[in-house]
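Protein chains: 2
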Amino acid sequence: MQTITRVALDAMGGDNAPAEIVKGAVDAVCQREDIKVFLVGQEDVVKEELAKHSYAEDRITVVDAPEVIEMAEPPVQAIRKKKQSSIVVGMNMVRQNEVDAFVSAGSSGAILVGGQTIVGRIHGIKRPPLAPIIPTETGMSLLIDCGANVDARPEHLLQFAVMGSIYMEQIMGVEKPRVAIVNIGAEEEKGNALVRETYPLLTACKDINFVGSIEAREIPHGGADVIVCEAFVGNVILKLYEGLAATLVGVIKQGLMSTLRSKIGAALALPALKKTLKAFDASEYGGAPLLGLNGLVVKTHGSSKAVEVTNSIYQCVAFREKNINGIIKERIIDTENEGKEDGNGI
Amino acid sequence: MQTITRVALDAMGGDNAPAEIVKGAVDAVCQREDIKVFLVGQEDVVKEELAKHSYAEDRITVVDAPEVIEMAEPPVQAIRKKKQSSIVVGMNMVRQNEVDAFVSAGSSGAILVGGQTIVGRIHGIKRPPLAPIIPTETGMSLLIDCGANVDARPEHLLQFAVMGSIYMEQIMGVEKPRVAIVNIGAEEEKGNALVRETYPLLTACKDINFVGSIEAREIPHGGADVIVCEAFVGNVILKLYEGLAATLVGVIKQGLMSTLRSKIGAALALPALKKTLKAFDASEYGGAPLLGLNGLVVKTHGSSKAVEVTNSIYQCVAFREKNINGIIKERIIDTENEGKEDGNGI
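Chains as they are written, first to last, in numbering that gives the first Met the number 0: chain A, 0 to 345; chain B, 0 to 345.
Just so you know, the hints here were simulated from the structure itself, not pulled from any lab data.
Ideal Cβ positions, reconstructed from N, Cα and C, are used throughout, including at glycine.
Don't take every hint at face value.
In silico DSS-like cross-links for lysine-lysine, where the CA-CA straight-line distance does not exceed 27 angstroms [stated by the list, open to error]:
| # | chain 1 | residue 1 | chain 2 | residue 2 |
| --- | --- | --- | --- | --- |
| 1 | B | Lys252 | A | Lys238 |
| 2 | A | Lys252 | B | Lys22 |
| 3 | A | Lys252 | B | Lys328 |
| 4 | A | Lys262 | B | Lys262 |
| 5 | A | Lys273 | B | Lys252 |
| 6 | A | Lys252 | B | Lys82 |
| 7 | A | Lys273 | B | Lys273 |
Stretch-level coverage of chain A by chain B, calculated; a stretch enters the list once three of its residues show a Cβ under 8 angstroms from a Cβ in chain B [as the list claims (entries may be wrong)]:
| # | region |
| --- | --- |
| 8 | 111-119 |
| 9 | 241-250 |
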């Protein structure tokens with residue numbers, strides 16, 4: 000008997016909800032048989048949208064969640080007060096093991112707070128990091144942490160490195176993923192206090208393939224597979240990445256459209272150009288997992304279209320099949336034991 | 000009588016030394032009469048290069064500096080030991096008021112250390128920030144600080160904001176420059192401890208036009224004129240900016256060259272494309288000033304060509320003519336007095 004992965008999907012989150020979210024769910028269950036989706040949102044709205052599609056009805060269930068958390072709402076308050084929102088209802092389903100994962104394109108802040116307070120951390124995990132995939136010249140890298148927990152400590156970054164490494168190896172199929180820490184120079188003695196204190200912990204960790212520091216300049220070149228940093232820096236990298244890519248593509252488009260001659264050239268070059276730019280786009284890999292939780296929470300872009308939603312659902316299947324949380328539990332316990340052994344001088 | 004700005008120029012620093020550096024100096028003195036350049040470097044090498052050009056000989060002086068600081072050398076040690084290097088000799092000339100400014104494309108670390116230890120800080124300035132200009136969709140912004148002094152305190156960032164504001168207003172001609180602090184969300188309560196503590200200081204400062212937080216995504220869109228952050232974050236932004244721009248232009252070129260059809264299109268579109276991409280290039284504004292010193296030190300890109308060198312020399316003229324250091328001294332003293340008045344309850 001085939002095992003089914005059960006995914007709760009926030010039907011109300013993101014700029015293109017509910018249409019693209021619902022379409023993403025329908026596409027997923029039509030393309031694969033090992034998935035069951037729970038569309039969490041305002042029942043009538045979701046059902047109206049679902050009626051536009053044909054699909055196996057036993058594979059999609061609508062779960063009513065009359066409240067909606069807005070993007071601008073203070074996250075802690077929103078999670079506490081809106082018990083009937085799609086985010087709280089979906090996360091409670093993960094907590095109660097009614098589903099394996101929850102996917103949302105909604106408020107990052109609410110997802111991060113909900114992940115920690117409702118779903119809860121794996122025993123031994125100090126902080127759950129948000130780890131988006133970013134595109135590079137040679138493929139993609141995992142940027143860990145881009146969450147909201149700033150002012151991290153060295154032991155947090157060590158756990159991020161271990162979890163990120165497991166994710167890249169198991170889900171992305173990268174053998175012995177190269178782990179690097181974001182720094183402002185290649186030498187070990189460079190960097191701020193956090194980086195200098197974390198560096199030796201990463202060097203000593205046997206569970207990862209630590210390759211040293213990475214300067215931000217090398218990130219787009221694919222200089223490492225797992226890029227470790229604290230959340231403030233991670234956020235800056237992620238958002239600058241998105242903003243600068245959009246700006247440069249805009250500037251180039253403007254250039255291509257500026258003269259008659261260049262317009263003709265652009266028309267000829269466009270199909271090939273679109274193809275290469277598409278390769279520099281990480282949405283095919285799904286959303287950003289929030290790692291280290293008792294279950295899986297995936298944050299997709301606010302602007303997610305159906306294809307990113309579908310890929311995020313597949314990501315949940317891989318996460319469950321590869322038993323990522325089981326491996327995290329083993330390695331984190333190992334790390335703790337290692338620490339104790341060191342302490343005893345064994 | 001016209002006043003002359005005297006600039007010491009590191010003839011040995013950067014990837015294109017001495018040829019492009021010497022050319023930059025010659026171009027500067029040929030185009031403007033109010034400049035005198037002191038080319039600091041290995042005398043025979045510099046003189047051989049100079050011999051290839053014709054220029055008014057009383058406007059360029061060669062100053063011998065037999066030692067060279069390599070890019071990979073530990074900065075503190077290099078500055079301490081290599082007293083006859085171009086960086087140490089040039090900075091001593093600023094210190095002794097033999098020149099108004101020193102320009103170098105050499106080791107950033109050595110320039111930052113030398114600036115602080117040889118040239119010295121303006122009385123009251125706690126840290127001299129390195130403030131490169133970065134290109135944006137709408138023009139350019141000043142990113143302050145990108146130096147090597149990490150783990151900054153709120154009062155440092157406040158001084159960066161004041162100095163950056165003066166620079167943008169006086170040198171770049173931006174009226175009431177919009178000052179923003181790099182943050183991971185737009186709300187005041189967001190961010191790490193440093194940002195949360197700095198925010199109210201910036202709000203209270205009457206000398207600047209503080210507009211609040213800026214997310215990294217908005218930087219390339221030109222969301223602020225003066226972008227304040229501590230050096231680790233500034234370094235990440237600057238280097239990711241450079242790395243990602245190079246990667247994206249590379250990816251786009253690859254796309255344009257991938258099919259016969261796209262190659263023809265590219266040939267037609269190229270002139271217009273080059274023109275718009277050139278606008279997205281900050282080298283026309285010169286190098287990055289190290290602000291708050293008793294004199295001026297300018298760091299140009301390691302890959303600087305003659306045009307950036309020439310523009311950096313002009314930047315030194317503007318810096319002196321606009322009396323930037325005089326204004327900094329006034330404002331910093333004002334800030335200190337304000338603090339004292341507050342303390343006395345006046």
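Structure-inconsistent hints, enumerated in ascending order: 2, 3, 6, 8
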